[in-house]
Amino acid sequence: MQVAWQIPRNCLAWLLFSQLTVIAPQASRLPLWVLVVYLLAGLWRVMVYQGRWSFPHWPIKVSMMLACFVGIFLSYGSLLGLEPAVALLISGFSLKLIEVIKQRDVYVIIFLAYLVLLTEFIFSQDIYITVYMLLPMTTVTASLVALHQHGYDGFSFTSLRKAAVILLQAFPLMLLLFFIFPRVAPLWSVPLPTHQAKTGVSDTLSPGDISSLSQSSELAFRVDFQTAIPPPKQRYWRGLVLDQFDGRKWTRSELDQGATMDKPLSQTGAGVINYTVIQEPTFQPWLFTLAVAYSTTAGIERTADYRLQRKLPVSERLIYQVSSDTRQPMDVQLDKRLRLMNTRLPVQGNQRAQLLADQLYAQSTGKRDYINTLLRRFSEQDYVYTLNPPALGENSIDAFLFDSRRGFCGHYASSFAFLMRAVDIPARIIGGYLGGEVNPITGTVLVHQFDAHAWVEVWLPGSGWLRVDPTAAVSPERIEQGLEQAVAAEGSFLSGAPLSAARYRHIIWLNTLRMRMDALNYYWINWVLDFKGEKQLQVLKALLGEVTAPRLILLVLSVGAVVLSVITFLLFKSRRGSKQGPAEGVYFAMCRRLDKLGFHRHAGEGPMDFAHRIAAEQPQWKEHLLSASRAYASLAYEPLLPKQQQAILKLLRTEAARIK
Amino acid sequence: MFEWLITLFKSNYQRWLSRRIPAAKLVTLNQRRIFIFPSRAGFSFLALLLLLLIAAINYQNNMAFALVFLLACVFFVSVLHTYANLSGLTIQALQAKPVFAGDSIAIELRLSRKGVAHYYDIKLAWKHSDQRIVSLLANDEQRISLYLPTSRRGLLRPGRLTIETVYPLGLLRAWSSLALDIEALVYPRPLAVDMKALTAVDGEEGEAMLADGSDDFYGFRDYQAGDSLKNIYWKGYAKGHDLQLKQFSSFRQKQLWLDWQTFNGNIETRLSYLCYWALRLESQQKEYGLRLPDKEIAPAKGMRHQAAVLRSLALYQQGAA
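Protein chains in written order, with the numbering used here: chain U, 261 to 920; chain S, 1326 to 1646.
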């Protein structure tokens, strides 16, 4: 009489729901059709369960499987890599739904779900995501519980409750492991997220580019200064060097990009700033530092143009330690090839600008005077700093300098560099960020995407590369106070992001809230996500005095013993045998009182028989004794509703109290 | 090659088990009696954990570490939960009604709890019986019958009852192997046979004696196990009556002896014949006695008498009568 195993209805319901919660945070990274496949498979499964549809035949299943493979290949251009792997996992457990499943298959589906949960953390370890992940964790575990609850016909929340209880009990033990488990170095290299949109400053600049970034209030990076925080106008976060101009846009040449082997900077001395940068993923390799920067963090190299760069793109949040020597000159000697590259301009185009440069240079007393003349020109003439510049024509430098005269950092930097190169002074564009706001709670500097900035470096003999920011001449507010103040009159600050909290910085309570959230994030990153190596050792030292094996074992045993005894108490208190409920307690106490007064209840004598016997002898007790005994008999032998039980128990108490 | 070792181990294990969990009518499960070990799914889960741990290490991802640790602790905590799902359960062997050899014997068990905690998916089975999955939710106790196939007559001791559970997560299996003190009587399988020479005690009065295959129709009687199908009154059955047998009469006597010597064949066959006739005479409300080589039961009738007769047949030469 072997009946084929069927998945309990309760389990199926939890399984489908848990898969939804598992997929939800991944949804934005998945092709839409993967979600559609999942929803269809789920619907199909429900229909099969209700007996309306039947399972698809194998040719359909095989072709669906192939279609998924082909679809993933087409969507990502490859089956390898992290994103395609996650999409494969999710299509896999979708298609598993429309097979006849045995109990073993349900285990497979649930274990796959745990695996998908882990992949989510590779993409994001945000505190919000982590808190959310408690939900899928609980629902997946609930479906595992429901798999072993054949007692229920319908949907039941007991599965969820049991799962939550188990997770809650496991939680303190997990924390303990988290504290002491040594973070081993990676065993081998693994695929990193790659199919992601690159964010942040790009490595080309044509007037108009940085404008779109200025509408984004996403965080670019946080900086935690160990030395005093420099004033905003000195916080030029250097990221990219653009030294090649084709008449319309600036790009990076291959020259001067290679790694150099400088000796590390001594971390003390005047003008040395020490700080830690916590950079959000950009999926690009460059890092943002104050010039001239050195880093001791592994995987980071210095390039010949004095930038820091990562060997691999920054695909996860990256924390790196930097020392910057602001006084150190860059390239006191400029070699020939570099000089050539940094003075090169297209032969054709922007003739008016070329003429202007020649004319002004001829009038000036030297290179520095020429630079100052140009800056003065920007500040004295009617140039406007705006986030809404007009479109420029073929000769963009000419059009900007002489006609529109409206633009933001990209326009000013690009035309300034052009005017330098026009008279054979080496100049290049630097892309990066400027300023950033200080969070008073944590003391860290927050640099947002709207802080993106472009400026110029000019090479002068004897001084090397010098930073010149033409935007400062036009809009000193941008440099001193940031973008918001610079465009306050225009009202264009974050006008494209009406929901961004940063836009409402002037509302005090909202800003305080924003700062608190940021502080929470900062501590989360610094103390939880980056809890490893030296930090971990320090915490353990503070806790244990010194980190030795016996002390660690003692810690594990003592915490483990406390947690386990609490769990054991909770689990077994409702399984012990002592059946004496409140009713028995009250009744037997009354019997003991009667016994002392000389009225003994015989072995095997029922409560009512006993009551009648005593009542015959002691009529003054008759009423109370009889009703107490009846109440006890009801409680002991009759099936009662909880409300009735309470009422009768109350009666028993009052009546039994009268027998003295 | 190592069979002797396995045998040695098995016999030692059985001896150890019988000391640790002695036979009893009523057993309450506690830590002395419950064993626990990862299930097959549990081992797969541990393999998954290893995989996740390697991923966490390679990605240097602290939240992935947290996830792995949480799952590992879930596994650990579920040891207690699985164990608790057996702890405090009481199993009582209620009864096993005798059956004829070849039929399945139903052994009735009572599963009850002491506290109010719910118990889920408790699987009960003997080695050769079917299995039942029981939950104690709103109900404090549950009675179940497990069916055990029988092949030969005698006293059946069903061996150790396995009670197990993998609730709540299926990653661990808690079980106990209980020797419930219960015996079931298996009667010989009845075999229909003609019997011309039933010995009468007092041959004064003659009566029609029933014998299959004789010519004169005598009446109907209810079908009993072992009857041949050819005399069944199919028409009546088709009309909705119980299965009945047409009876044909020859001659019969008042008090009858079922005698070992009357029948031919080996011991089991003779016992089967005797069993058939005992059932048949009882159904006719006749008085009959039993005469075995080592035992005699005086003629009588009634359920108790029949039970005594069948019991003697079941236990003949089994040493444990």
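By construction, these hints were calculated from the structure, which means they are not laboratory data.
It cannot be assumed that every hint is accurate.
Just a sample of chain S residues kept apart from chain U, beta carbon distances all over 10 Å, derived [unchecked claim]:
no., residue
1, TRP1341
2, LYS1350
3, ASN1383
4, GLN1420
5, LYS1439
6, ASP1446
7, LYS1452
8, ARG1482
9, PRO1483
10, TYR1558
11, TRP1582
12, PHE1588
13, GLU1593
14, LYS1620
Derived lysine to any residue pairs resembling SDA-like cross-links, with alpha carbons at most 20 Å apart [to be verified]:
no., chain 1, residue 1, chain 2, residue 2
15, S, LYS1439, U, ALA843
16, S, LYS1448, U, ALA843
17, U, LYS792, S, ASP1552
18, S, LYS1448, U, LYS910
19, U, LYS792, U, ILE768
20, S, LYS1448, U, ARG364
21, U, LYS362, S, SER1364
22, S, LYS1439, U, LEU598
23, S, LYS1439, U, ALA896
24, S, LYS1439, U, GLY845
25, U, LYS833, S, THR1353
26, U, LYS362, S, ARG1457
27, U, LYS833, S, ILE1382
28, U, LYS795, S, GLY1484
29, U, LYS792, S, ASN1386
30, U, LYS596, U, SER477
31, U, LYS356, U, GLN266
32, S, LYS1448, S, GLY1484
33, S, LYS1335, S, TRP1451
34, S, LYS1439, U, LYS910
35, U, LYS833, S, LYS1439
36, U, LYS362, S, ARG1498
37, U, LYS882, U, PRO899
38, S, LYS1439, U, GLN266
39, U, LYS792, S, ARG1457
40, U, LYS833, S, LEU1510
Glycine is no exception: its CB is placed at the ideal position from the N, C-alpha and C atoms.
Structure-based check of each hint:
1. TRP1341: holds (26 Å)
2. LYS1350: The claim holds: LYS1350 of chain S sits with its nearest Cβ about 17 Å from chain U, beyond 10 Å.
3. ASN1383: violated (4 Å)
4. GLN1420: holds (22 Å)
5. LYS1439: violated (4 Å)
6. ASP1446: violated (5 Å)
7. LYS1452: Holds, because the least Cβ-Cβ distance between LYS1452 of chain S and chain U comes to about 17 Å, which exceeds 10 Å.
8. ARG1482: At about 24 Å from chain U, ARG1482 of chain S clears the 10 Å cut-off, so the statement holds.
9. PRO1483: Fine: 19 Å to the nearest Cβ keeps PRO1483 of chain S off the interface.
10. TYR1558: holds (31 Å)
11. TRP1582: Label holds. Min Cβ-Cβ 43 Å, cutoff 10 Å.
12. PHE1588: holds (37 Å)
13. GLU1593: holds (29 Å)
14. LYS1620: Its Cβ never comes within 10 Å of chain U, the nearest being 39 Å, so this holds.
15. S:LYS1439 with U:ALA843: holds (17 Å)
16. S:LYS1448 with U:ALA843: Distance of about 34 Å is beyond 20 Å: violated.
17. U:LYS792 with S:ASP1552: Status violated; Cα separation ~83 Å.
18. S:LYS1448 with U:LYS910: violated (41 Å)
19. U:LYS792 with U:ILE768: Violated: LYS792 of chain U and ILE768 of chain U sit about 36 Å apart, past 20 Å.
20. S:LYS1448 with U:ARG364: With Cα atoms ~17 Å apart, LYS1448 of chain S and ARG364 of chain U stay inside 20 Å; holds.
21. U:LYS362 with S:SER1364: holds (16 Å)
22. S:LYS1439 with U:LEU598: violated (88 Å)
23. S:LYS1439 with U:ALA896: Holds: LYS1439 of chain S and ALA896 of chain U sit about 15 Å apart, inside 20 Å.
24. S:LYS1439 with U:GLY845: It holds: about 17 Å lies between the C-alpha atoms, which stays within 20 Å.
25. U:LYS833 with S:THR1353: Holds, at roughly 16 Å.
26. U:LYS362 with S:ARG1457: holds (18 Å)
27. U:LYS833 with S:ILE1382: Judged against 20 Å, a Cα distance of about 40 Å means the pair is violated.
28. U:LYS795 with S:GLY1484: Roughly 60 Å between the alpha carbons, so the hint for LYS795 of chain U and GLY1484 of chain S is violated.
29. U:LYS792 with S:ASN1386: Holds, at roughly 10 Å.
30. U:LYS596 with U:SER477: Roughly 42 Å between the alpha carbons, so the hint for LYS596 of chain U and SER477 of chain U is violated.
31. U:LYS356 with U:GLN266: holds (15 Å)
32. S:LYS1448 with S:GLY1484: Roughly 16 Å separates the two Cα atoms, so the pair holds.
33. S:LYS1335 with S:TRP1451: holds (17 Å)
34. S:LYS1439 with U:LYS910: Between LYS1439 of chain S and LYS910 of chain U the Cα gap is close to 25 Å, so the pair fails against 20 Å, i.e. violated.
35. U:LYS833 with S:LYS1439: holds (11 Å)
36. U:LYS362 with S:ARG1498: Since the Cα atoms of LYS362 of chain U and ARG1498 of chain S sit roughly 19 Å apart, the hinted pair holds (cutoff 20 Å).
37. U:LYS882 with U:PRO899: Roughly 26 Å between the alpha carbons, so the hint for LYS882 of chain U and PRO899 of chain U is violated.
38. S:LYS1439 with U:GLN266: violated (31 Å)
39. U:LYS792 with S:ARG1457: At roughly 51 Å apart (the allowed maximum being 20 Å), ARG1457 of chain S and LYS792 of chain U break the hint.
40. U:LYS833 with S:LEU1510: The hint is violated at about 41 Å.
Consistency with the previously given hints fails for numbers 3, 5, 6, 16, 17, 18, 19, 22, 27, 28, 30, 34, 37, 38, 39, 40, ordered from lowest to highest.
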